[in-house]
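Visitor: No gaps in the numbering here: position 263 of the sequence shown is 263 in my numbering, and each next residue is one more.
These are calculated hints, taken from the structure and not from any lab test.
Note that beta-carbon positions come from the ideal geometry of N, C-alpha and C, so glycine has one too.
You may find that some hints are simply not true.
Unchecked claim - Per label pair, the in silico range of CB-to-CB distance:
| no. | residue 1 | residue 2 | range |
| --- | --- | --- | --- |
| 1 | His32 | Ile192 | 18 to 28 Å |
| 2 | Phe260 | Pro70 | 24 to 34 Å |
| 3 | Thr222 | Val74 | 30 to 40 Å |
| 4 | Gly140 | Val217 | 39 to 49 Å |
What the hints assert, rightly or not - Below 20 Å or equal to it, Euclidean Cα-Cα: the simulated EDC-like pairs (lysine to aspartate or glutamate) are:
| no. | residue 1 | residue 2 |
| --- | --- | --- |
| 5 | Lys174 | Asp209 |
| 6 | Lys130 | Asp141 |
| 7 | Lys128 | Asp88 |
| 8 | Lys174 | Glu195 |
| 9 | Lys102 | Glu83 |
| 10 | Lys174 | Asp112 |
| 11 | Lys262 | Asp234 |
| 12 | Lys164 | Asp141 |
| 13 | Lys102 | Glu117 |
| 14 | Lys164 | Glu83 |
| 15 | Lys102 | Glu119 |
| 16 | Lys188 | Asp209 |
| 17 | Lys177 | Glu195 |
| 18 | Lys102 | Asp112 |
| 19 | Lys177 | Glu100 |
| 20 | Lys177 | Asp207 |
| 21 | Lys130 | Asp234 |
| 22 | Lys123 | Glu100 |
| 23 | Lys164 | Glu127 |
| 24 | Lys123 | Glu83 |
| 25 | Lys128 | Asp197 |
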Amino acid sequence: FYMTSNDGVKGSGDAVGSLFSLPNYPFRMGGHWIRTGSAFDPAMGFVRHLKKHPGGQSSGIHFSYAFDQPASTVLDDVSVGVEYSRYDLLDEGLYSDAVELKLLEVRTLGGDSFGLEVEFERKRLPEKFKIVDGVNLAAGDYRGTEFELEYRSSSKRPVFGELKLGYGDYYDGKAFKPGGSLSWRPSKHAQINLEADLTSADLPVGDFDVLTSSLGVRITPTTRLSFNSIVQYDNQSEQIGINNRFRYILKSGSDLFLVFNKGFEKE
1 FYMTSNDGVK GSGDAVGSLF SLPNYPFRMG GHWIRTGSAF DPAMGFVRHL KKHPGGQSSG
61 IHFSYAFDQP ASTVLDDVSV GVEYSRYDLL DEGLYSDAVE LKLLEVRTLG GDSFGLEVEF
121 ERKRLPEKFK IVDGVNLAAG DYRGTEFELE YRSSSKRPVF GELKLGYGDY YDGKAFKPGG
181 SLSWRPSKHA QINLEADLTS ADLPVGDFDV LTSSLGVRIT PTTRLSFNSI VQYDNQSEQI
241 GINNRFRYIL KSGSDLFLVF NKGFEKE
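Given the sequences, and given the hints that come with them, work out the whole structure.
Guide: Shown next, in the form of structure tokens:
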């Protein structure tokens, strides 16, 4: 894919990337590569960026394997997996990388799932970094481990959702990361999604809470035409980002997209 943005101050910027997915069963894999130019504006306040080092390159790959449970009257399958991701600055090289191990995911015949994951992450700050107002992190390498419990209810129901609880190292401190989503599908042609995530951090240099939230609407009047709209907000940048996308399937393997992004900042 290829995207452009135009800002009255920054000027024009672009982003280019590619994705691949092999959604087979029981073995699945996928990956991505995305490069954003130094002047690209995603119109989302909490999209990862460093003001002194604009632009970057994101890449990742993941694998998983599911063990079928044909003899069980409750379980559908049990799966394990691994994912590697990294983010590089255009001018400074590696900024962060992480290995995420899906130690266990249990899926029931009803479509619900329970999971336990552990993540080993490294972040390299090239210079002093203001993570939020009043909290500054010193330059250096930060390494840590985080554990996460996750529950997802079956999307076969009209109302379904997800709950996540994470805790672990966060730079040179600790953080508790709860999050969740709730979706309502009133008909096969429409769906409304509400999502929120909180990072409650306890660092030697200060404590803070970051809340990100989003409201999304998906409308599919026909099998060929769909419309997706999402509004996102976070309490630190106090920006509201709006993304609207129309998709029309011309024929199998050939799609037409029309995308409109807009960001609003509190003055």
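Visitor: Each hint: holds or not?
Guide: Going through the hints against the structure:
1. In this structure the hint that His32 and Ile192 lie 18 to 28 Å apart at CB holds, the actual value being about 27 Å.
2. Phe260 and Pro70 have their C-beta atoms about 48 Å apart, which leaves the hinted 24 to 34 Å range violated.
3. For Thr222 and Val74, the hinted distance range of 30 to 40 Å is satisfied, since their beta carbons lie about 38 Å from each other.
4. Taken as a hint, the range 39 to 49 Å holds for the pair Gly140 and Val217, whose Cβ atoms sit roughly 43 Å apart.
5. The straight-line distance between the Cα atoms of Lys174 and Asp209 is roughly 12 Å, inside the 20 Å bound, and the hint therefore holds.
6. In summary, the hint linking Lys130 to Asp141 is supported, as the alpha carbons are separated by about 15 Å, within the 20 Å threshold.
7. Note on Lys128 and Asp88: the hinted pairing holds, with a Cα-Cα distance of about 17 Å set against a maximum of 20 Å.
8. This hinted pair does not check out: Lys174 and Glu195 have alpha carbons roughly 23 Å apart, beyond 20 Å.
9. For the suggested pair Lys102 and Glu83, the alpha carbons sit about 8 Å apart, so the restraint of at most 20 Å is met.
10. With a CA separation close to 30 Å, the supplied pair Lys174 and Asp112 exceeds the 20 Å bound.
11. Using a Cα cut-off of 20 Å, the hinted pair Lys262 and Asp234 holds, with the two alpha carbons roughly 15 Å apart.
12. The straight-line distance between the Cα atoms of Lys164 and Asp141 is roughly 27 Å, outside the 20 Å bound, and the hint therefore fails.
13. Of the supplied pair hints, the one linking Lys102 and Glu117 holds, its CA atoms being roughly 5 Å apart against a limit of 20 Å.
14. Note on Lys164 and Glu83: the hinted pairing holds, with a Cα-Cα distance of about 18 Å set against a maximum of 20 Å.
15. In summary, the hint linking Lys102 to Glu119 is supported, as the alpha carbons are separated by about 9 Å, within the 20 Å threshold.
16. The straight-line distance between the Cα atoms of Lys188 and Asp209 is roughly 37 Å, outside the 20 Å bound, and the hint therefore fails.
17. Pair hint Lys177 plus Glu195 holds up; C-alpha atoms about 14 Å apart against a cutoff of 20 Å.
18. Taken as a hint, the Lys102 and Asp112 pair is honoured in the structure, with Cα atoms around 17 Å apart against an allowance of 20 Å.
19. With a C-alpha separation of about 16 Å, the suggested pairing of Lys177 with Glu100 holds against the 20 Å cut-off.
20. Distance hint between Lys177 and Asp207 is fulfilled; the C-alpha atoms sit about 14 Å from each other, no more than 20 Å.
21. This hinted pair checks out: Lys130 and Asp234 have alpha carbons roughly 16 Å apart, not beyond 20 Å.
22. For a cut-off of 20 Å, the pair hint linking Lys123 to Glu100 stands: about 14 Å separates their Cα positions.
23. Between Lys164 and Glu127, the direct Cα distance comes to roughly 32 Å. Violation of the 20 Å bound is thereby established for this hinted pair.
24. About 17 Å separates the Cα atoms of Lys123 and Glu83, which keeps this hinted pair within 20 Å; it holds.
25. A threshold of 20 Å between alpha carbons decides the hint, and for Lys128 with Asp197 the separation of about 26 Å lies outside it, so the pair is violated.
Consistency note: the structure conflicts with the earlier hints numbered 2, 8, 10, 12, 16, 23 and 25.
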